[in-house]
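Engineer: Residue numbers (this note's numbering), protein chains in the order written: chain F, 1 to 276; chain X, 1 to 276.
Don't read these hints as lab results, they were simulated from the structure. Honestly, I wouldn't trust all of these hints.
Heads up, the list lumps identical chains together, so a pair's fine if it works in one copy or across two of them.
Derived EDC-like pairs: lysine to aspartate or glutamate, alpha-carbon spacing no greater than 20 Å straight-line [unchecked claim]:
id : residue 1 : residue 2
1  : Lys82     : Glu100
2  : Lys82     : Asp98
3  : Lys82     : Asp97
4  : Lys82     : Asp110
5  : Lys82     : Asp135
6  : Lys82     : Asp17
7  : Lys82     : Asp118
8  : Lys82     : Asp121
9  : Lys82     : Asp51
10 : Lys82     : Asp233
There are 2 protein chains.
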Amino acid sequence: MAHAHFVADTHVDRLADGRYRGRATERWHVFGDAAPNGGYLLAMAARALADTAGQPDPVTVTAHYLRPVGAGTVEITTDVVKTGRRLTTVQASLVQDDQECLRVVGAFGDLDRFDGPDHQDRTPPPLPLRDHCLDLNAVGAALPDDAPLRPPAVAAQFDLLLTPPTVGWMTGQPAGRGEIAGWCRWAGGGPMDSFGLLVVADAFPPAVFGMGLPIGWVPTVELTVHLRQRPADGWLRARFTTDSVTRGLLEEDGEVWDADGNLVALSRQLALAARA
Amino acid sequence: MAHAHFVADTHVDRLADGRYRGRATERWHVFGDAAPNGGYLLAMAARALADTAGQPDPVTVTAHYLRPVGAGTVEITTDVVKTGRRLTTVQASLVQDDQECLRVVGAFGDLDRFDGPDHQDRTPPPLPLRDHCLDLNAVGAALPDDAPLRPPAVAAQFDLLLTPPTVGWMTGQPAGRGEIAGWCRWAGGGPMDSFGLLVVADAFPPAVFGMGLPIGWVPTVELTVHLRQRPADGWLRARFTTDSVTRGLLEEDGEVWDADGNLVALSRQLALAARA
Chain F
1 MAHAHFVADT HVDRLADGRY RGRATERWHV FGDAAPNGGY LLAMAARALA DTAGQPDPVT
61 VTAHYLRPVG AGTVEITTDV VKTGRRLTTV QASLVQDDQE CLRVVGAFGD LDRFDGPDHQ
121 DRTPPPLPLR DHCLDLNAVG AALPDDAPLR PPAVAAQFDL LLTPPTVGWM TGQPAGRGEI
181 AGWCRWAGGG PMDSFGLLVV ADAFPPAVFG MGLPIGWVPT VELTVHLRQR PADGWLRARF
241 TTDSVTRGLL EEDGEVWDAD GNLVALSRQL ALAARA
Chain X
1 MAHAHFVADT HVDRLADGRY RGRATERWHV FGDAAPNGGY LLAMAARALA DTAGQPDPVT
61 VTAHYLRPVG AGTVEITTDV VKTGRRLTTV QASLVQDDQE CLRVVGAFGD LDRFDGPDHQ
121 DRTPPPLPLR DHCLDLNAVG AALPDDAPLR PPAVAAQFDL LLTPPTVGWM TGQPAGRGEI
181 AGWCRWAGGG PMDSFGLLVV ADAFPPAVFG MGLPIGWVPT VELTVHLRQR PADGWLRARF
241 TTDSVTRGLL EEDGEVWDAD GNLVALSRQL ALAARA
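Let the sequences and hints guide you as you build the complete structure.
Structural biologist: Shown next as structure tokens:
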């Protein structure tokens, strides 16, 4: 179901060369339920960009978040910056009500066609068995109606099973470090692809909440995702860390691994810490 | 001297609103001495962007490298994407001989005016005393004239004192992991600033050389640098790591610390591994 929502809610209609129209839905709204998740909007823009580039996968894609988007129609204009042998560089503007909300630049290619050396010194994040993790949506369902913080709409699109130490902040016991990790798939399962990974890269609660800093809106300034290969079916493992907050400027670095134990995505965003 | 070169060689003349002209020099050429260092070109574009934004610092800046640039005149065209309260988002195209070579998007602000929480869980890379490091340029000067690999022009713009284990590959003894770390300043010293940090973020030999993979040209597809604060005078400490190479796609993550022990920059690039 969530996967079908994803396919429908990131669909774009091609109106003309470099002109697309999509429709942002409320199913992907974030904390506060005021605006869609940044990864969701990036995935929609990436669908338009892949079409423009004539290449299936965002190999590296950077989004600058300029203004919040509301549920409703968005227009996406795209340009080819440079067509290369393996990578085509493209750019998009996502516009709503005549205001640009998202600027995206990326290099698109076919991840199945890359060849070259392999060397892996990372290991997938060590996670407890899924039965021993906290289901974010189950926790949310058990909260009283007047709870100040509840999982946002976007969380319900995923099965998110988080490691208990990294979500201690949900019960007022932050671990003291900026990390959140867990298992992830579309709610109820379903095939994951390159575009879905862009949402996964921004779908977990902010890692900075584990630090013990104020909990609140952590606006993304810029998000860059590198994809390495298309994910195998099954549960993803993901880990996000924030190690350095400087006068409110923070990074969040993510790793996403597929069920076959392959690194499928690296992400980094620059965000602004929540205000006390 | 190197600092004066940097100031002169990244200078841009403003020709009109959003139009600048600069001159790439051979002093910043990389391995093979065929084209300037990507960080140097980014610094030149960032000077034009800072002028356009009316903001002094690149807080986050992403460059896509499209074509090599030769020594000589370049034109930079810039646009304001969005003017914000603290950050202004801007975009640049760097063009030579009517071909776009570099596309840049970034958010510029005044790093001295940010306020918000601080939290630091990183520590500066542990480096040996400078006397115990290998001076890249001294090593290069001692090489025979027909050595296959020698430090490129850009190295001579810096005093680069590298930790011996991370440059074992220079003598055919790679450490087996993708890391390079050391001390860094302009050759002979001189003030470092936000634009200089963009060069530092791309000035060390590729970390991937430590893995034992083939040594050769490692083209950058995309480089993103986050600046956290302006650097204090004195020696910088920097560390670059590559942990995952997937069919030739690799990341290089960098941290740069100033002489006061402050994290001043985080960088990440997507690059292509050298071919055997």
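Engineer: Determine for every hint whether it applies to the structure shown.
Structural biologist: Going through the hints against the structure:
no.	hint	in the structure
1	Lys82 - Glu100	between (23 Å within a copy, 8 Å between copies)
2	Lys82 - Asp98	between (27 Å within a copy, 13 Å between copies)
3	Lys82 - Asp97	between (29 Å within a copy, 15 Å between copies)
4	Lys82 - Asp110	within (16 Å within a copy, 32 Å between copies)
5	Lys82 - Asp135	neither (44 Å within a copy, 39 Å between copies)
6	Lys82 - Asp17	within (16 Å within a copy, 25 Å between copies)
7	Lys82 - Asp118	neither (27 Å within a copy, 40 Å between copies)
8	Lys82 - Asp121	neither (33 Å within a copy, 40 Å between copies)
9	Lys82 - Asp51	within (14 Å within a copy, 26 Å between copies)
10	Lys82 - Asp233	neither (33 Å within a copy, 40 Å between copies)
The structure fails to meet hints 5, 7, 8, 10 from the earlier list, while all remaining hints are met.
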